[in-house]
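Protein chains in written order, with our numbering: chain A, 42 to 294; chain B, 87 to 447.
Everything labelled a hint here was simulated from the structure, so no lab data went into it.
Please note: incorrect hints may appear among the correct ones.
In silico contact screen, one side only, chain A against chain B (beta carbon under 10 Å); selected entries [claimed, not checked]:
(1) H102
(2) Y106
(3) G107
(4) D109
(5) I110
(6) R125
(7) R131
(8) G134
(9) N141
(10) S150
(11) G160
(12) I171
(13) A173
(14) L176
Just so you know, even glycine gets a beta-carbon here, dropped at the ideal spot from N, CA and C.
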Amino acid sequence: MSGVILNVNNLNRSFGGLHAVDDVTLSVEEGLIKSIIGPNGAGKTTFFNLISGNIRPDSGHIHFYGKDITGLKPFQVAALGICRTFQNTRLFGHMTVMENIMVGRHLKSRSGFISSLLGLPGNIREEKSIRASVLSLLEELNLSGIKDELCINIPFGLQRKVEIARALAVEPELLMLDEPAAGLNIYETTELGQLIGKIRDRGVTVLLVEHDISLVMNISDEIMVLNQGKKLAEGKPKEIQKNEEVIKVYLGE
Amino acid sequence: MLARYKPLLIVLGIVVLIQLLLSLGGWEFFFTQLIMSAYYSLVVIGLTLLMGYAGQISLGHAGFFAIGGYTSALLTTIDLSGLWDKGTLSLLSSLFITMEQKDPYGNIIYSFSPWVAFVVAILIAVGVAFLIGIPVLRLKGHYLAMATLGFGIIIQTVLLGTTALGAADGISNVPDFTLVPGIQITDRMADRVMNYYIAWFFVLLGLFLIINLLNSRVGRALRSIHGNEEAANSLGINTSRYKLYTFVLSAVLAAAGGVFLTHYLGSIGPSEAGVIKSVRYVAIVAVGGMDNLFGTLLMGNLLNFLSLRGYFGTFDEAVFGIILIGIMLFAPKGILRIKGIKYLSSFIREKLAVFKREKEK
Numbered sequence: 042m043s044g045v046i047l048n049v050n051n052l053n054r055s056f057g058g059l060h061a062v063d064d065v066t067l068s069v070e071e072g073l074i075k076s077i078i079g080p081n082g083a084g085k086t087t088f089f090n091l092i093s094g095n096i097r098p099d100s101g102h103i104h105f106y107g108k109d110i111t112g113l114k115p116f117q118v119a120a121l122g123i124c125r126t127f128q129n130t131r132l133f134g135h136m137t138v139m140e141n142i143m144v145g146r147h148l149k150s151r152s153g154f155i156s157s158l159l160g161l162p163g164n165i166r167e168e169k170s171i172r173a174s175v176l177s178l179l180e181e182l183n184l185s186g187i188k189d190e191l192c193i194n195i196p197f198g199l200q201r202k203v204e205i206a207r208a209l210a211v212e213p214e215l216l217m218l219d220e221p222a223a224g225l226n227i228y229e230t231t232e233l234g235q236l237i238g239k240i241r242d243r244g245v246t247v248l249l250v251e252h253d254i255s256l257v258m259n260i261s262d263e264i265m266v267l268n269q270g271k272k273l274a275e276g277k278p279k280e281i282q283k284n285e286e287v288i289k290v291y292l293g294e
Numbered sequence: 087m088l089a090r091y092k093p094l095l096i097v098l099g100i101v102v103l104i105q106l107l108l109s110l111g112g113w114e115f116f117f118t119q120l121i122m123s124a125y126y127s128l129v130v131i132g133l134t135l136l137m138g139y140a141g142q143i144s145l146g147h148a149g150f151f152a153i154g155g156y157t158s159a160l161l162t163t164i165d166l167s168g169l170w171d172k173g174t175l176s177l178l179s180s181l182f183i184t185m186e187q188k189d190p191y192g193n194i195i196y197s198f199s200p201w202v203a204f205v206v207a208i209l210i211a212v213g214v215a216f217l218i219g220i221p222v223l224r225l226k227g228h229y230l231a232m233a234t235l236g237f238g239i240i241i242q243t244v245l246l247g248t249t250a251l252g253a254a255d256g257i258s259n260v261p262d263f264t265l266v267p268g269i270q271i272t273d274r275m276a277d278r279v280m281n282y283y284i285a286w287f288f289v290l291l292g293l294f295l296i297i298n299l300l301n302s303r304v305g306r307a308l309r310s311i312h313g314n315e316e317a318a319n320s321l322g323i324n325t326s327r328y329k330l331y332t333f334v335l336s337a338v339l340a341a342a343g344g345v346f347l348t349h350y351l352g353s354i355g356p357s358e359a360g361v362i363k364s365v366r367y368v369a370i371v372a373v374g375g376m377d378n379l380f381g382t383l384l385m386g387n388l389l390n391f392l393s394l395r396g397y398f399g400t401f402d403e404a405v406f407g408i409i410l411i412g413i414m415l416f417a418p419k420g421i422l423r424i425k426g427i428k429y430l431s432s433f434i435r436e437k438l439a440v441f442k443r444e445k446e447k
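Next comes chain A alone, as it looks inside the complex:
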């Protein structure tokens, strides 16, 4: 058994009277694709936001490679090696595809405010290496053709892909994708599945929230099912498919 990358213990978060995430415990093994599924309002996205630091838990702990990251801010979580995408893509619309992905290299470069102001030679060298690494990533993901387009001008399917590319530019250990297939057609979804598989093969652990059940069943190594904030089941795709409680939640009694 390989190491555990993410450990979530008894995580809780309420919004007013709604217990959005109710005592959820989860561990993610390194190098796997782990998916979180569940009906609408099950607390999947809240769970995601808790891990990425966008919201704080009421109680419980999150450990990343054994380090307690509970309550850290999103940029601190990102600096440790967790990067996420958003349910409705959040690209920087008035920047080009290339520039968007270059922002993803932020953590891998270090020019500060003052040295940037002065335009020191070190900065210019660094800028070149950022450019080079982004160009090769664009090449790899077949995005070179649209690199100079503004992100508001490219179709939705490509926006999704650009957002994933931007997250990959961060070179995270753990990539969290929040409903990456939402709004994609069947071909795009297939392509997405292959892309996620490739990402895992590069050694990146993937945590996926997704509604498209066939996609989840195809690519996941493990699945956790959430219902009304509580963990309902956890296991391999085949086990989940046979789990009676899961079937009940999804199909009704």
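Dock chain B against chain A, hints included.
Showing chain B alone in chain A's frame:
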């Protein structure tokens, strides 16, 4: 690589062209207002960086301008004779820390030299910007606008109520600023052309720094904050820190403008900190196109020049209000990008291309 500095050369070219035109045409009386506009545009370019690129509004930047101007005015006019004995003062003067000068009544007094005052003014602006920026930049949109507006009002009220700062009269008899021996910020008629170039040297320096910043990792981070703060944060960008640094930088530029203009004019009054002034800066940034450094530079100099020449008459303040409303309603991307002008420029480009092709035949 050097392509990014090309616009600076164009600006320099235009600046030189205007100087030659005015000098040869005998219209040198325009220089005074052009110099003042140039110093005001230091505020404008800083605010462009803050508003247009980092996406944060400030309705209090006149406050920073006044902090710069007043600090320098006070330190260079204050009499230090009571503080130190004559020997110490002449020693400090030989070190360029203090300066011997005559007060309005003809008495010899010792004050801080303008360079010392400049450094102190910038440090105070940095300090205040940090102090204000840390709590205020947590706010967004209207709330940020209101909070910065409040800051501007506080500064003006303090200036109006402080006798040591001249209350409603402000501070006058501010000495010339000798930058290096032979080069002075002064309103002497004979040095008008030199001062025109001094002012534009500082503006170009400011632009140079901002262009560097925008073309760097930090500049990209700023624009990404404007695009989507949450996403920027999730990519590892410490958004609140970058917003704060940008706020401080724009405050420094505003304060520098305040220092230079005060030494140029020889005085500063509390109206420089007024809300109306802050609104004016915001209006200029809006009319110039927000994230268009050279658009705001052009509109800033044009509008300030017209205003200072008195072409807007008694409607001066109303003009900037109307501009702001008009821009928000009809041309939110600035006047240089409204359709008419876009069509016109593409029309001209097309005709030129046709003309070129015909010529080749």
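Now for the hints, and whether the structure bears them out:
1. H102: This hint is violated: H102/A lies away from chain B, its Cβ roughly 21 Å from the closest one there, beyond 10 Å.
2. Y106: 17 Å, violated
3. G107: Since the shortest Cβ distance to chain B is 21 Å, the answer is violated.
4. D109: 19 Å, violated
5. I110: 14 Å, violated
6. R125: OK, holds: R125/A within 10 Å of chain B, min 5 Å.
7. R131: This interface hint holds because 4 Å falls under the 10 Å limit.
8. G134: 6 Å, holds
9. N141: Status holds, d = 8 Å.
10. S150: Since chain B brings a Cβ to about 5 Å from S150/A, closer than 10 Å, the hint holds.
11. G160: Constraint on G160/A satisfied, holds at 4 Å.
12. I171: 7 Å, holds
13. A173: Since chain B brings no Cβ nearer than about 14 Å to A173/A, farther than 10 Å, the hint is violated.
14. L176: It is violated, given that the least Cβ distance between L176/A and chain B is near 15 Å, above 10 Å.
The structure shown violates the earlier hints numbered 1, 2, 3, 4, 5, 13, 14.
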